[in-house]
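Colleague: These protein sequences, in sequence, are chains A and B.
Under my numbering, the first sequence is numbered contiguously, ending at residue 872.
Under my numbering, the second sequence is numbered contiguously, ending at residue 1152.
Hints in this document: simulated from the structure, not taken from any laboratory.
Heads up, a few of these hints could be off.
What the hints assert, rightly or not - Here are the computed lysine-lysine pairs in the DSSO-like style, where the Cα-Cα straight-line distance is at most 30 Å:
# : chain 1 : residue 1 : chain 2 : residue 2
1 : B       : K711      : A       : K680
2 : B       : K711      : A       : K257
3 : B       : K390      : A       : K680
Just so it is clear, the structure is predicted and the values come from calculations on it, not from any experiment.
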Amino acid sequence: MKKTVYIITLTLALFSCKRLNIAPNSIIQDKDVFGTSNGIAAYMATLYTLLPIEDFRYQTTGGGTNSTGFGNFFYNQNLNMFTGEITNRESGNEGNASMSSNNYWADAYQLIRQATNFINTLPGFKASAGYSTAQINQWTGEARFLRAYTYFALVKRYGGVPLVTTVATAEQVNVPRNSEQEIWDYVNSEFQGAADLMQPTSEQRGRVNKYTALGMLSRTALYAGSIAKYGQAIINVDPATNKRVQGIPQTESLRYFKQSYKAALDCAAGGFALYRNSLPDKTANFYNLFYDVSSSNKEYMFSREYVFGYSVHQFDLMDIPYQLQVSGSASYECPTLDWVSLFDGLPRNADGSLKTVDATTGKFVYYNSPADFFQNAEPRLLASVIVPGSTFKGAVIDVRRGIFTGDITNGINAFPGSVPPYPVVTSPYNATTQVTPAVNSSGSPTVTLPNGSKMQAGGLSGIYGSWDQGTTTGFHQKKFLDQNLAAANVKNNYSTTPWPELRYAEVLLNRAEAAYELNLAGDTGANYLQDAFTQINDIRDRGGAVLLPNVAALNDINIIRTERRKELGFESKIFWDQRRWRTADIDINNRAWMVLNPIYVAANGKYILDARKLERNQLFTFTVSMYYQQIPGSEIAKDPKLVPNI
Amino acid sequence: MYKIFTVLNYRRKSCSFSKIAHIMKLTAFILLTVILQVSASTYGQKITLKEKNTPLQDVLLDIQQQSGYDFLYTADLLKLAKPVTISVKDASIKEVIEKCLADQPFVFKFNKKTITLKEKPIPVEIPATIIPVQVIANPVSGVVTDEKGQPLAGVTVLEKGTKNGIVTDATGHYNINVADANSTLVFSSVGYISQEVKVGTQKNITVQLKDAMGDLNEIVVVGYGTQKKVSLTGAVSSISGDELATTRNESVLNMLTGKIPGVRVVQNTAEPGAFSNSFDIRGLGSPLFVIDGVPRTGIERLDPNDIESISVLKDAAAAVYGVQAGNGVVLVTTKKGKAGTSRITYTVTYGEQHASGLLPSLDATDYMTAINEKTKHSNGINNPNGSVPYQAADFAAFAPGGTKKSTNWVDETVRRNAGQENHSLSFEGGTDKATYFIGLGYLKQDGFLKTNDENYHKYNVRSNITAQIAKGLSADVQLYYMADQRNYPAFDFQEVLNADYRNPPIYPVYAGDPGGHLDYFGDNGNNAVLYSSSALSGYRQNNKKLLQTSIDLAYQIPFIPGLQAKALYSYNNNFDDNKTYNKEADLYTSFINTDGTTGYRQSQVINGPSSVNRSYNAAPNTLTQFSLNYTHTFASVHNVSAAAIYESTDSQSDGFNGTKYIAIGTLDQLAAGGNVGQSLQTVGGGYPSHSATSSFIEKLHYDYKSKYLFDLSGRNDGSSRFAPTKRWGFFPAASAAWRVSEEGFFKQSKALSFFDNFKLRASYAAVGDAGQVNYQFISGYDYPYTSGTSSAARPGGSIFDGGYIAGVGFRTLPNYDVTWTSNKLANIGLDAELWHGGLGITADYFVRRRDGILATRVGTIAGALGATLPQENLNSDQSSGVELELTHRSHIGQVRYSLDGNISYTRTKNLHVERAVAGNSYDNWVNNTNNRYNDVAFQYGDGGRFTSFADIYGATVNYGGGNRGLVPGDYKYVDWNNDGTINLGTGSQGDGSPLAVKSANTPLVNFGLTISLEYGGFDLSALAQGVTGKWIAYGDASLTPLQFNGNEFAYFFDRWHPADPAANQFDPHTVYVPGYYSISGTNPDGNSMYNYQNASYVRLKSLDVGYTLPVQLTRKIGVKRFRLFFQGYDLFTITGLRYYDPEHPNTNRSNEYPLAKTYNFGVNVTF
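Isolated chain A, as found in the complex:
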């Protein structure tokens, strides 16, 4: 019996506690991650996917991951909607042009913490993994770049935020906000520091290098300089710390502009150039720029790529013209006539107004097709916008607001709202104008033409009175709309057009703007105006715009700003430019955007083009306080030391 007990006890001992040490297979440790360059790439892959790039998956109205706007499924309410670049049928519901529903905060600090963790942990593996100093520097620089980029995303939204540069404990982070200037200085110095550490070329395409950091520095320093120069209307000092959490002393502007200018100049050493690989067709060249990710594209400095099946977006689904749709959505991003009018080569009256109505006669001008109006338009426009009547994917994009059925013996007089200053008329096509407008997305009603044939009042792609389908402005966004995507694949999550986060064109524009500001400020460090002139004309030449005749013609900063609007349209950049320029409260507030309504004239088979304000009279509110976003209330509740924005 004793022996039995002994044997049983022994058997039990075999089953004892040792086998309770079972760790899950999916949890890995520092040694697994930092021990190989593949592990480093995996760490970087997470940091990069969390990087707050306002790309095809950024939605202004909240949603997305933790309501931050980033990582969103939809792309129908993007930043370009608030700037006058585009409008869409849903934007009418927006009360104001801010991002009040976005709460990008905790996610930013997560990225910051993990980048810091990377920077702190990596050196410990130098010896064991056999990394070279160059590798350590490159990766450290990369992590510092990503951390700086994230602080940039915070400071441009909120102004000063807590500057946390350690892997902190919970007790260490109940801290007040740093001053806005401290954050900008940190961001700028970190980009410079990252540039100093990194190699001239990226380890892998899609990752950053020395020049990406310098290019970003040209952007962030320019932003800081602009805040200092133009942002004096908002000054918010934390009484507890006496730090200016919103606003930068005006005297700092010159330093920042110089920093920006120098960074842009430094980029020139990187062998970058504007894309001219598809010439001589300047329209095709500008369009193709956004699809060429090869190393021969010397303009792309940093882009986020997509691969079908892993990381995709839905731009084509949302923006395909209605007549080409296969999956329920279409025509969301509709460029405004305001933006289209910025370009060269459109028919104009002597007073500069668009020649839709002859300013001398007060009557509409006939065009054989809506596309005729754009036959001499600047190639950059035609690469960025599908104008009505033009061809896309082999189809003539048929856009028509209605049919004029009246007598044209004496021409057609301008309708109410069709001439400057374009007052808003919400139902312009009433019976007296003798226009039969399209009322719904089938294009109906049907109108019998004088020759007996029938025609739908609306075109196949709009414009309909129901506003539920088709273009709302007459235009479609062409930049990023992939003409090579198979028709059947214009569906959710099939789009892989890369997002251009940093192009050399922007660096040149930064350089021109900083130079112009320095010139204005009387700085004599270089021949700034000449340099700005050269860069602007380089951009114009590539885009096919009219060149500035001479340096003296560059006599207004708005020439540079307009060039920026045209060149960087739809790239989520103008939104921030309007903020740093502090122009949004004038440009956007209470403004209805303009559309171009092609109307078929039954009597002669020609078209008239009716330029007018959006019939739905959507107005945007933009008050001065919206230059900063409110710090999320939940964050203030958790850290009472955070003073709110004014």
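Since the structure of chain A is already known, use the hints to place chain B on it.
Modeller: Chain B alone, transformed into the frame defined by chain A:
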């Protein structure tokens, strides 16, 4: 197994090897077949022996060598042997053996070339083996049956005061010769009350034995053992398989509804194969399910015909399960065969399920009326004559004889009735050496889709075999295998219903060509017909296989009476093999081409591109258990039983899945897809999971004369999922009971003589709940990082060099101190039996306190930390409640009946809920749930209705906009804070008050009453079941009619509306027709008492009516029992809830698959 035998037989090493081999051979033989014992008839070998006082073993060895015959006996047996003296020459083997064993306490038996030696039976103890010594000419015969008239086999029939006895045969018959007319026969059988009958002149005595169920001898299954019900000290309820079977449902869980006090079951849907239930004991969360001593999943998929009994351990009685015991334990015991019986039972039912609460929606004319009304309403008071969508011409088109027909989307997609069938075949029986139970089952259930694309099939087989391998050693081998298949379309049923109720009736199913292009109608939801059809949009098939096996060896250790050693090994595996075929489907709009022909524009691609997903997962788990059990009575008053158990488990899960796009849509096979890696197609799967536990369990029961009873238990639990510093926990329990009725003063009191039993109980246990503890203590990274599974989620990695690189996930901060929730259970109760079954009472009061419920610290750590905080053991709560069960069993004339009623109440109060500091005191009052019952909801109060414009003008409260937009029929809300305004939609802005319990799935009070009647061959069992204190608020289309201008439920048409649809709704002169709901376009606030409805109910949960044909009739065709029956489920309901079934949940946009009323007809045949 081999080891075990070594252990048990080590004492006789010299001969143990061949013996073990024999024993094992025999084991296999017993296990696989039923023993047929054949006597050897020829003994060819001649044997010569000459021995004097030689040990028997040596003699047998000699015989074995000479004859080639093997001997089979246990080591213990030979201890009883006497030395042998023998001298034979060329004797036959039989002769030799007989001589050898002449004075030995053995009997022997030939079986081919094996001679089995057994201990000589002692006749008094086992009457069945008594051979009547003398023939007396007083034969008596008869049949013994149970209360239902079913023949009882194996009943001992003993002539009182003699050793003359016999057992009844399989048909319940017996024949016995008794001494004379003064003889008395005693009929006894385990589980029945013994009965004595004086023979007198009777030649035929038919006896009905009363079931001892509910009686004091009832044995109930408890944790790691069984116990007499009367000696229980904890709160344990149990029901038998027969009681379970009176309710018929595809899920065993639903069959428990209303039958056990404290057990709360809510059926969420009747969807075939979904098994969607809420189940808890005393409101405590998900309990542990133990099937035949092994914690297992899948109780809902058991075959109810296999179930012998179910016990529910509610207090310290559960504590032997330690860290798993916090929410109570459900023990299921499956059937085993009975010795001396042999029967085959076949039960078949065919049934019809009827969808309950499937609501109609409006036809086209009513829909257009409602939409126009809503439009006029939203046009507002400033634009009362604004345009409306539908004109007279539209109405004319849908009028009788018009050009268009209204579409009834529900009828297009859903049917009200669906069939089901169930077959069950069982074989059971055995000898005193081995018993078997073999059950086979098949269940088929159809769904409510008109396409019949939703259905469920289940096949199961069980084999439970118990065998006596050797003296004192028995083996129990159990095997259960279940394979089921659930077929359903690629879209959930609720998608079909959502579309049914949203698709306006003015649109046709097809764009213009019936049976051709499915119509697209923009923002009014996608075509419901598409969702309902596997042929159109694809299908899903889920195959699940459960394998549950165990081998259990029990050995009665000699020399120490009452000591038993047991070893149990169980292997289980759950296999899931699922397939999804998403078929690309297109919706079309018709349009007129310029040449006048009709064209179809592809307007929407649903579910595209076509894809096939296959997934496979296996989850094997094992359990190994060794135990020593000791039961003994000292000095005939001290009853002691004790057990020491070691148990270890190991659970794993591993699987993979793959998705491929299918270019040719009709090839629904993975192989037809493109190369992996070129698209969204994936091959993947989770990491294999692995966890293990080890436990040491001790149990001690002591009672003094069954009067003072004590139970102690303790369990050490260790788990791989616990942090190393918290790896082991100890969970003790103690309980005691006092059987007052056993006290002398009680027994001697005449006044109390109607008491059969009166017992007071109390228990206390400290147990745990580790359900949420899952490696929160490990820091590091998750790889790969997944921020979501759909392509819509932010990618978990980045595109570098044009290729996808998976990222690492940053884990939450580790919590090295994370541990299980500490649950303390206290219970007091009483059990009483009065008037011999006339009244049974069980009452309990319980409290459970939980500390250390995992929660994440909120609102105190700044976001600038940049990390997610781990779960910590922060929260606590306390549940308490009462339970009462009353039983009554009697008869009126020939009608035997029983009543079993139970009612239970349970409620949980939060003690600590981790939360951010409230911004103001009102916020704190509304949202701080500390020290508050967890079911309190803040609502807008029902203030009545505006009945006229005068009423509106007289309103003292501003409902917004100076009440200008109000019309008669609109809802009034209580101005709870008396500030003169109601701020609807803002939830907690002043007028919300604690008005209801939000207890959709946790009614406060549950009750059930089972009534059973028997008369002649008729039997009836009915279960009335109900709940009170249940409130539910439905959402989406059930709250917002005409949502997104879709259709509405027809009941919403009973509304306040202007008598003239064209009238100005806001004009005080407009005549209003009253209704139940407000005007189209005005909906009650979802958070108001208008939307919260009391879903208390009483229903006839089940009804089982049967007729058993007289045995005399059926015997002629060899049938022992033939019963025809009807069974209904959820037949009849009384509830105040409008339109819905009161169990219908508000999940999935309130459009879950309906619950079903079912009607089954069946036959039960026993051969």
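Colleague: Sort out which numbered hints this structure fails and list those numbers smallest first.
Modeller: Per hint list: single violation, 1.
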